[in-house]
Amino acid sequence: MAVAGIDVGSLTTKVVIMDGERILGKCLDLSSEEVEVSAQRALDEALKQAGLKREDLTAIVATGSARKSIGFATKQKTTLSCLAKGMSLLNPSVRTLFDVGAETSSVLRLSQKGLVEDSVGHDRCASGTGVFLQAMAKLMMMSLEDFAKLSLTAQRRAEVSTMCAIFAEQEVISHVHRVPPTPKNEIVAGIHGSMAVRLTGLGKRIGIKGDAALTGGVARNPGFARALEEEIDMPVIISEEPELVAAIGAARSGMDEK
Amino acid sequence: MVDTLELILRHRQRSPTTRSGELYYEMLVEYFRRPLRATEEGTPLVAHTAYIPSEIFYAMDLVPLHLESFSIISPAVLHNFEEMSSVAKGFGLTPEVCSAHRVQAAWFVQGWLPRPQAVVWSQQLCDSINHSGALLQEAYDLPGYFLDRPYYIGEREVHYYAQNLAEMVEFLEGTTGHRLDQDRLCQSLAHTYEIAQAEREMYALCRQVPCPMPNRLGDELFSICNWLYLGTPEGVDFARAALEEVRGRVGRGVVPQENHRLISLYPPPAFSWKLMDWIEREHGATIVARPYCLHWAPWEPDFSHPLESLARRCFAIPISRHFHAPMMEAMVPDAVEDAIAHHADGGLFFAMINCRQGCAMVRPVKDALLQQAGIPTVVVDVDVLDPSFASDDDIKDKLESFFEVLAERKENVL
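In order, the protein sequence lines correspond to chains A and B. Plus 13 on top of the position in the first sequence (first one is 1) and you've got our numbering. Plus 20 on top of the position in the second sequence (first one is 1) and you've got our numbering.
Hints may contain errors.
Claimed, not checked - In silico DSBU-like pairs for lysine-lysine, Cα to Cα no more than 35 Å straight-line:
(1) A:Lys81 to B:Lys416
(2) A:Lys151 to A:Lys162
(3) A:Lys217 to B:Lys109
(4) A:Lys88 to B:Lys430
(5) B:Lys416 to A:Lys217
(6) A:Lys197 to A:Lys222
(7) A:Lys222 to B:Lys416
(8) B:Lys109 to B:Lys430
(9) B:Lys430 to A:Lys126
(10) B:Lys430 to A:Lys222
(11) A:Lys126 to B:Lys416
Said to hold, decoys possible - Taking beta-carbon pairs under 10 Å as the criterion, some of the chain B residues facing chain A (in silico):
(12) Arg39
(13) Thr397
(14) Val399
(15) Ser421
(16) Glu428
(17) Asn432
To be verified - One-sided and incomplete, this derived list gives chain A residues near chain B with beta-carbon spacing under 7 Å:
(18) Lys88
(19) Thr91
(20) Leu93
(21) Ser94
(22) Leu128
(23) Val129
(24) Asp131
These are computed hints drawn from the structure, not numbers from a lab. For each residue, glycine too, the CB sits at the ideal point set by N, CA and C.
With the sequences and hints as input, model every part of the structure.
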């Protein structure tokens with residue numbers, strides 16, 4: 014009775030194979046221009062881990078921005094409802110969910126039953142998304158992993174614009190060239206802080222209530238997670254594999270409708 | 021623009037759908053032909069901004085040119101928003117300014133608009149409208165009158181507004197040489213009343229499940245009856261045709277299965293009214309409430325005091341009373357009342373990104389609908405004229421996501 018959930022994001026494709034609440038197999042791979050091909054590859058890998066074949070699956074549910082390109086899926090569900098379903102399975106107490114992916118960010122308010130009560134998204138510019146952090150790490154000539162951790166050592170945040178990725182880049186350059194230069198960890202803390210302020214502002218449009226969680230690839234960034242906790246003034250729950258939550262929700266919805 | 025509208029009309033006539041659908045294009049063609057004829061025939065043409073009462077033009081036998089309608093419809097028909105936007109940019113207007121008013125500015129500075137004899141304008145519904153009227157006056161060196169419409173609603177304000185209407189009439193009489201005919205004004209008020217009554221009846225019928233009014237008809241009513249032909253026999257004809265169609269659909273609705281009943285809180289983007297057909301056809305989503313368009317406040321004409329009665333009408337008409345008034349007095353309570361009475365299960369707010377008036381309402385309206393009517397609202401950021409800001413596909417994606425949320429809410433009562 015296994016089902017597959019496929020989350021096709023702009024940067025990565027995530028697949029989970031589930032039976033009940035158990036994850037039998039999973040895969041995270043880079044999305045390619047041929048979306049269906051990369052989804053197929055990721056599904057095959059996850060099936061291999063689970064020791065199953067395609068015929069063993071009773072449903073394949075696709076979600077994410079390119080979900081409609083997955084012709085072999087038996088069903089498509091939107092990202093919002095999959096995130097809600099996935100989170101209610103992993104952490105039923107969560108009422109506010111911050112999801113930060115490569116090119117979009119969203120905040121969801123969830124009901125006790127794990128349904129979306131309200132949501133707000135941001136997909137019109139790079140600031141507030143994973144690619145913004147990627148660009149900033151490149152600018153600072155650091156790996157994304159080092160960049161993510163460095164701000165944890167800072168005592169204060171350097172001032173970085175909260176409005177625009179391009180202006181933020183100019184601000185970072187001016188911090189680097191100051192005499193004396195602003196310490197790197199403070200610049201990175203400033204970058205994480207600016208993004209956290211933006212996302213918190215988004216969240217306040219729908220109201221931040223109850224336990225909060227952070228999902229998406231950016232949840233792997235401890236510096237940003239701390240900045241977000243400081244801004245919303247409460248801890249954020251991060252599941253073991255935060256980028257898989259929507260795929261888990263997709264699989265879950267496949268099970269619900271069997 | 022008129023030629024393109026005529027092409028659309030001919031297409032409609034070849035494959036007729038409804039009488040109101042055909043009338044809609046006939047009336048648009050006629051409305052925008054009249055200014056051209058007026059110029060040729062030497063009849064006074066008066067440009068005016070939204071919610072300058074059209075009954076006055078009817079009673080004075082003047083040809084009106086509604087500037088906002090013109091600037092919203094022209095890029096949607098001619099698909100030339102980019103060009104218009106570029107002209108406006110050259111004039112110094114950036115994308116933060118309402119797109120409809122950037123298009124107006126482009127027409128004005130290029131001198132493409134037929135030359136009116138005068139311009140009358142007001143601050144309804146926003147500051148941009150106020151500035152556009154002043155810009156036309158300056159660009160064409162026209163005599164102009166600014167009609168000050170009070171923001172608050174009360175007896176003192178009605179009297180003040182009636183005085184201003186009288187002054188505006190005096191100005192128009194002096195500028196055009198046409199006199200206000202009191203009998204014709206009363207006749208026009210009677211037309212307006214008939215339109216209002218028809219809209220009230222149609223709106224009440226929208227409470228029924230399934231909703232008998234097609235999504236697009238609501239927007240067409242708004243354009244024809246509330247904007248272009250209010251107070252005219254043609255407007256009455258359209259309202260009657262629409263009412264007949266809505267009555268005829270009572271009990272059977274407009275879609276085989278009505279899945280979602282929505283309250284619309286702002287007009288859809290002008291470049292894609294087809295979206296409204298799409299949500300109806302593909303998702304069984306019907307717009308059952310649209311306070312900004314059909315929620316009239318109580319009003320009936322008083323023929324013994326026509327100007328004062330007209331002033332009262334101006335405070336009662338939808339959108340003017342919703343957008344140019346404290347939102348907690350009109351927009352928020354009307355939205356909540358309509359959502360409950362019309363059994364809406366979701367709110368749809370097209371947030372025009374450069375409309376400060378509309379965007380300021382998003383949060384209070386959305387919160388009130390959730391807290392008092394128990395329904396969620398999707399806010400779709402769009403530009404009223406610019407499809408490059410949010411394309412049809414972007415918008416459809418957001419709406420599909422919302423419909424999924426609504427379906428899940430129905431399956432599992434929150």
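Hint check:
1. A threshold of 35 Å between alpha carbons decides the hint, and for Lys81 (chain A) with Lys416 (chain B) the separation of about 13 Å falls inside it, so the pair holds.
2. About 15 Å separates the Cα atoms of Lys151 (chain A) and Lys162 (chain A), which keeps this hinted pair within 35 Å; it holds.
3. Using a Cα cut-off of 35 Å, the hinted pair Lys217 (chain A) and Lys109 (chain B) holds, with the two alpha carbons roughly 34 Å apart.
4. Between Lys88 (chain A) and Lys430 (chain B), the direct Cα distance comes to roughly 19 Å. Compliance with the 35 Å bound is thereby established for this hinted pair.
5. Pair hint Lys416 (chain B) plus Lys217 (chain A) holds up; C-alpha atoms about 25 Å apart against a cutoff of 35 Å.
6. Restraint check for Lys197 (chain A) and Lys222 (chain A): satisfied, since their Cα atoms lie roughly 34 Å apart, inside the 35 Å limit.
7. Proximity of Lys222 (chain A) to Lys416 (chain B) is assessed by CA-CA distance (about 29 Å); at most 35 Å being required, the pair is judged to hold.
8. The suggested pairing of Lys109 (chain B) with Lys430 (chain B) is violated, with an alpha-carbon distance near 47 Å, which exceeds 35 Å.
9. Proposed proximity of Lys430 (chain B) and Lys126 (chain A) is supported: the alpha carbons are some 12 Å apart, at most 35 Å.
10. Taken as a hint, the Lys430 (chain B) and Lys222 (chain A) pair is honoured in the structure, with Cα atoms around 23 Å apart against an allowance of 35 Å.
11. At roughly 27 Å between alpha-carbon atoms, Lys126 (chain A) and Lys416 (chain B) fall within 35 Å of each other, so this suggested pair holds.
12. Taken as an interface hint, Arg39 (chain B) does not check out: its beta carbon lies about 38 Å from the nearest beta carbon of chain A, beyond 10 Å.
13. Below 10 Å, beta-carbon pairs count as interface contacts, and Thr397 (chain B) has one with chain A at about 8 Å; its hint therefore holds.
14. Among the interface hints, the one on Val399 (chain B) holds; its C-beta lies about 7 Å from the nearest C-beta in chain A, closer than the 10 Å criterion.
15. A least Cβ separation of about 4 Å between Ser421 (chain B) and chain A falls short of the 10 Å threshold, and the interface hint therefore holds.
16. Nearest Cβ of chain A to the Cβ of Glu428 (chain B): about 5 Å, under the 10 Å cut. The hint holds.
17. Annotation: interface hint on Asn432 (chain B) holds; nearest CB of chain A at approximately 5 Å, less than 10 Å.
18. Given hint, Lys88 (chain A) at the interface with chain B, is violated; its Cβ is 11 Å from that chain's nearest Cβ, farther than 7 Å.
19. For Thr91 (chain A), the interface hint holds, the least distance from its beta-carbon to any beta-carbon of chain B being 4 Å, beneath 7 Å.
20. The criterion of a C-beta within 7 Å of any C-beta in chain B is met by Leu93 (chain A), whose closest approach is roughly 5 Å, and the hint holds.
21. At a threshold of 7 Å, the smallest CB-CB gap from Ser94 (chain A) to chain B is about 5 Å, leaving the interface hint in force.
22. Because the beta carbon of Leu128 (chain A) sits about 5 Å from the nearest beta carbon in chain B, less than 7 Å, this interface hint is met.
23. Because the smallest distance between the Cβ of Val129 (chain A) and any Cβ of chain B comes to about 5 Å, under 7 Å, the interface hint for this residue holds.
24. The restraint placing Asp131 (chain A) at the interface with chain B holds, with a minimum CB-CB distance near 6 Å, inside the 7 Å limit.
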